[in-house]
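Colleague: Listed in order, the protein sequences are those of chains A and B. Residues in the first sequence are numbered consecutively from 6, following the working numbering. Residues in the second sequence are numbered consecutively from 3, following the working numbering.
Source of the hints: derived by calculation from the structure; they are not laboratory data. Each hint should be verified, as a subset may be incorrect.
Residues from chain A that face chain B, not an exhaustive set, calculated with beta carbons under 10 Å [unchecked claim]:
#, residue
1, Glu14
2, Arg15
3, Gln62
4, Asp147
5, Asn149
6, Ser150
7, Gly152
8, Asn155
9, Leu156
10, Leu158
11, Trp159
12, Arg160
13, Ala169
Interface residues of chain A toward chain B, partial, derived using beta-carbon atoms under 8 Å [what the hints assert, rightly or not]:
#, residue
14, Leu8
15, Ala11
16, Leu13
17, Ile341
Yeah, the Cβ is synthetic: ideal placement off N, Cα and C, and Gly gets one too.
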Amino acid sequence: MNLVRAELERLTARRFVQLMVVLLLVAFAVTAATTLAGSHKPSTEELSRARTQAAEQIAQLEATHDRCLAIKAGTVQPEEHDYVPKDCAEVDPARMEKLPTTADYLSGVFVFATEAKPLLYFLVAFLVLFGFLVGASYIGADLNSGGVVNLLLWRPRRWAVLGAKLGTLLGGLLVFSAVASAAYLTVFWLIGQTVGHPGLVNGSFWASLGAQHGRGMVLVLLAAAIGFAIATLGRHTAAALGTVAAYVVVWELGARLVLQILDAARPDRWMLSSYLGAWLSGEVEFWDNHACQGDTAGFCEGLYTLTWRPGLAVLLGLAVVLVGAAFAAFRRRDLI
Amino acid sequence: MTAVIEIAGLHKAFHSLRQGRRVAVDGFDLLVESGQIHGFLGPNGSGKTTTLRALLGLVRADGGRMSVLGASSPERLPEVSGRVGAIVESPQFFGNFTARRTLRLLAVAGGVPTSRVDEVLEQVGLRDRSEERVKGYSLGMKQRLAVASALLKNPELLILDEPANGLDPAGIREMRDLMRSLAASGVTVLLSSHILAEIQLICDHVTIISRGRRVAYGRVDEVLAGFDQHEWQVRVAEPERAVELLAEAGMAVTVHPEHLVVAGVDEPELITRTLGEQGLWVRELIPLRPDLESVFLELTGTTPHPAVPRQVDGSVRPAGHPDDVVIDLDARENQEVDA
Numbered sequence: 006m007n008l009v010r011a012e013l014e015r016l017t018a019r020r021f022v023q024l025m026v027v028l029l030l031v032a033f034a035v036t037a038a039t040t041l042a043g044s045h046k047p048s049t050e051e052l053s054r055a056r057t058q059a060a061e062q063i064a065q066l067e068a069t070h071d072r073c074l075a076i077k078a079g080t081v082q083p084e085e086h087d088y089v090p091k092d093c094a095e096v097d098p099a100r101m102e103k104l105p106t107t108a109d110y111l112s113g114v115f116v117f118a119t120e121a122k123p124l125l126y127f128l129v130a131f132l133v134l135f136g137f138l139v140g141a142s143y144i145g146a147d148l149n150s151g152g153v154v155n156l157l158l159w160r161p162r163r164w165a166v167l168g169a170k171l172g173t174l175l176g177g178l179l180v181f182s183a184v185a186s187a188a189y190l191t192v193f194w195l196i197g198q199t200v201g202h203p204g205l206v207n208g209s210f211w212a213s214l215g216a217q218h219g220r221g222m223v224l225v226l227l228a229a230a231i232g233f234a235i236a237t238l239g240r241h242t243a244a245a246l247g248t249v250a251a252y253v254v255v256w257e258l259g260a261r262l263v264l265q266i267l268d269a270a271r272p273d274r275w276m277l278s279s280y281l282g283a284w285l286s287g288e289v290e291f292w293d294n295h296a297c298q299g300d301t302a303g304f305c306e307g308l309y310t311l312t313w314r315p316g317l318a319v320l321l322g323l324a325v326v327l328v329g330a331a332f333a334a335f336r337r338r339d340l341i
Numbered sequence: 003m004t005a006v007i008e009i010a011g012l013h014k015a016f017h018s019l020r021q022g023r024r025v026a027v028d029g030f031d032l033l034v035e036s037g038q039i040h041g042f043l044g045p046n047g048s049g050k051t052t053t054l055r056a057l058l059g060l061v062r063a064d065g066g067r068m069s070v071l072g073a074s075s076p077e078r079l080p081e082v083s084g085r086v087g088a089i090v091e092s093p094q095f096f097g098n099f100t101a102r103r104t105l106r107l108l109a110v111a112g113g114v115p116t117s118r119v120d121e122v123l124e125q126v127g128l129r130d131r132s133e134e135r136v137k138g139y140s141l142g143m144k145q146r147l148a149v150a151s152a153l154l155k156n157p158e159l160l161i162l163d164e165p166a167n168g169l170d171p172a173g174i175r176e177m178r179d180l181m182r183s184l185a186a187s188g189v190t191v192l193l194s195s196h197i198l199a200e201i202q203l204i205c206d207h208v209t210i211i212s213r214g215r216r217v218a219y220g221r222v223d224e225v226l227a228g229f230d231q232h233e234w235q236v237r238v239a240e241p242e243r244a245v246e247l248l249a250e251a252g253m254a255v256t257v258h259p260e261h262l263v264v265a266g267v268d269e270p271e272l273i274t275r276t277l278g279e280q281g282l283w284v285r286e287l288i289p290l291r292p293d294l295e296s297v298f299l300e301l302t303g304t305t306p307h308p309a310v311p312r313q314v315d316g317s318v319r320p321a322g323h324p325d326d327v328v329i330d331l332d333a334r335e336n337q338e339v340d341a
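Just need the whole structure built from these sequences, with the hints factored in.
Modeller: And the structure:
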């Protein structure tokens with residue numbers, strides 16, 4: 006516990022950590038200020054007009070559905086511009102993921118319900134970068150400068166020292182990320198309430214936002230653990246940065262290009278970025294260029310889906326392997 | 003006497019792709035007993051720091067046994083680490099922290115009462131500069147801080163690698179006094195240093211390492227006595243006649259421009275009587291005792307030779323080892339003559 010206290014103080018006192026926090030606050034302030042400047046409280050007339058437009062749009066969707074059912078029943082003859090799917094449920098407004106709302110027809114108004122997810126993605130992206138860089142530099146700088154050696158002269162238990170550092174990093178990062186994201190969303194919620202529009206903020210909205218937030222926090226912790234592990238293995242912060250840069254250039258760009266040239270099936274399955282996207286957004290769809298080969302009969306839906314489950318398995322597996330390797334290497338390593 | 007540090011047959015080799023295998027410590031032995039101020043000497047690259055790092059669990063030994071305060075190292079080192087204060091080479095501190103904060107964090111991490119921080123700052127002379135950031139410290143001040151960190155635990159055993167590094171003359175004297183007062187209070191000190199005069203002044207025991215092996219150990223006076231050739235520097239009015247008389251009396255005499263050196267004489271009266279009986283009066287008679295520096299240079303084969311740059315690995319490896327690469331001093335001298 007004493008070790009964790011001391012490590013927490015060292016972590017928060019690091020200039021790099023302080024700089025990243027300041028950068029986050031600046032980005033936060035700029036985003037909030039531009040949102041404030043670009044939004045206004047909708048007038049009663051604007052709201053009324055938007056409500057009417059939304060209602061008209063819903064009515065039009067219902068009419069399309071009714072016409073589809075009528076065409077299928079043979080009571081109405083289809084016209085040239087009519088879209089008649091195999092199953093009219095496809096155009097049933099009741100089954101649509103999202104119906105037009107008042108907020109969709111408000112121009113120049115910040116709508117919290119619409120903007121919350123993209124804003125949260127931005128925050129998560131920043132925190133992932135923050136976590137990775139802080140995780141890598143925290144141990145990298147200590148290994149490089151001899152700080153770890155100093156600590157081991159006091160506590161000659163290598164796993165305990167490294168574990169305390171990793172635990173402090175992840176714990177501190179989780180608290181910081183939770184507080185930052187809560188403050189961030191609260192500010193934009195207040196903007197929506199005061200100089201914008203809250204939009205449709207119901208239980209399912211908060212549940213969806215909460216799930217996205219939870220997945221984002223896990224990703225932040227995984228990024229920090231991976232940065233920490235690679236820097237431990239490479240004994241330097243630059244090792245983590247170099248590894249990520251090399252991976253992106255060699256594999257995500259180079260290998261993807263080669264796989265495309267070779268016409269390999271489902272190349273996205275081999276890319277970490279696919280699993281990262283799947284985890285963060287719940288699921289992602291990719292085009293399978295082999296699925297429709299030889300299908301000349303008509304419509305072929307050559308898509309395949311990656312869900313959050315394989316996304317989590319791959320990212321967690323990678324983090325566990327790297328952290329395990331880092332601990333194993335650190336236990337046996339000569340600290341000179 | 004209780005053994006505080008015991009090292010027997012320590013082996014350590016480093017491997018690298020470019021340079022292959024490099025033996026750093028090759029069957030080294032060390033014994034430090036309770037209450038000693040033990041000097042640990044060796045040329046650059048001789049294995050001193052590797053030995054200390056292995057003892058403190060920072061590098062893995064390839065062979066041999068080590069124990070600290072009765073606990074085998076590194077396996078049981080955590081059991082005694084609270085009683086061992088150590089600095090190895092020049093420790094690095096977090097530049098943005100003040101000295102006080104640095105020590106307080108170490109105290110917190112090590113479970114030491116933070117009240118010790120002020121005590122050790124006072125001891126090493128950093129009390130008035132303790133609120134300054136470490137990055138603004140001079141090398142000597144950083145060294146004082148390092149010693150303070152080692153003292154924080156109120157250790158029974160203090161292992162200091164080059165503690166006088168960067169200190170000014172007054173600082174070196176203060177460090178010497180500190181070591182003495184610690185030893186007087188019962189702390190055992192293992193001190194590695196290149197300042198041989200300091201070691202001779204401070205330490206009661208010494209171990210000398212060369213090319214990873216022990217070449218001398220024991221009480222400082224005993225080690226020096228082993229190299230005492232009982233030489234005397236003599237000044238007389240008629241040196242040529244004095245040489246004849248002393249040689250006739252069976253003494254080995256070497257003529258120098260300003261004086262004679264008479265070797266192999268235990269009692270100085272023999273010289274004065276031999277010369278005095280023939281009417282030659284001795285103007286000056288000085289005993290030439292070996293100092294630690296000359297013994298060190300001889301034992302490690304690192305005596306500088308004019309116009310022959312010495313390489314860091316050019317020290318002597320003790321004979322009797324299968325891989326003996328004993329430095330050939332004769333060859334070096336011949337090389338010098340050729341040059």
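Colleague: Confirm or reject each hint.
Modeller: Structure-based check of all given hints:
Proximity of A/Glu14 to chain B holds as hinted, the smallest CB-CB distance being about 6 Å (cut-off 10 Å). Taking 10 Å as the C-beta cut-off, the interface hint given for A/Arg15 holds, the closest approach to chain B being about 6 Å. The interface hint given for A/Gln62 is violated, since its Cβ lies 59 Å from the closest Cβ of chain B, which is over the 10 Å cut-off. Interface restraint check: A/Asp147 against chain B, minimum CB-CB distance 9 Å, threshold 10 Å, status holds.
Checking A/Asn149 against chain B: minimum C-beta separation of about 9 Å stays under 10 Å; hint holds. With its C-beta approaching chain B no nearer than about 4 Å, A/Ser150 sits inside the 10 Å limit, and its interface hint holds. Interface restraint check: A/Gly152 against chain B, minimum CB-CB distance 6 Å, threshold 10 Å, status holds. Hint on A/Asn155 holds. Least Cβ distance to chain B is approximately 5 Å, under the 10 Å limit.
With 10 Å as the threshold, the beta carbon of A/Leu156 comes within range of chain B, its nearest partner Cβ sitting at about 7 Å, so the hint holds. The interface hint given for A/Leu158 is met, as the beta carbon of that residue sits about 5 Å from the closest beta carbon of chain B, less than 10 Å. The interface hint given for A/Trp159 is met, as the beta carbon of that residue sits about 4 Å from the closest beta carbon of chain B, less than 10 Å. With a cut of 10 Å, the hint placing A/Arg160 at the interface with chain B holds, because the nearest CB-to-CB distance is about 7 Å.
A cut of 10 Å between beta carbons decides the hint on A/Ala169: the least distance to chain B is about 9 Å, and the hint holds. Interface restraint check: A/Leu8 against chain B, minimum CB-CB distance 5 Å, threshold 8 Å, status holds. Evaluation of the A/Ala11 hint against chain B yields a held restraint, the C-beta minimum of about 4 Å falling below 8 Å. Interface hint status for A/Leu13: violated, as the beta-carbon distance to the closest one in chain B is roughly 10 Å, over 8 Å.
Nearest Cβ of chain B to the Cβ of A/Ile341: about 6 Å, under the 8 Å cut. The hint holds.
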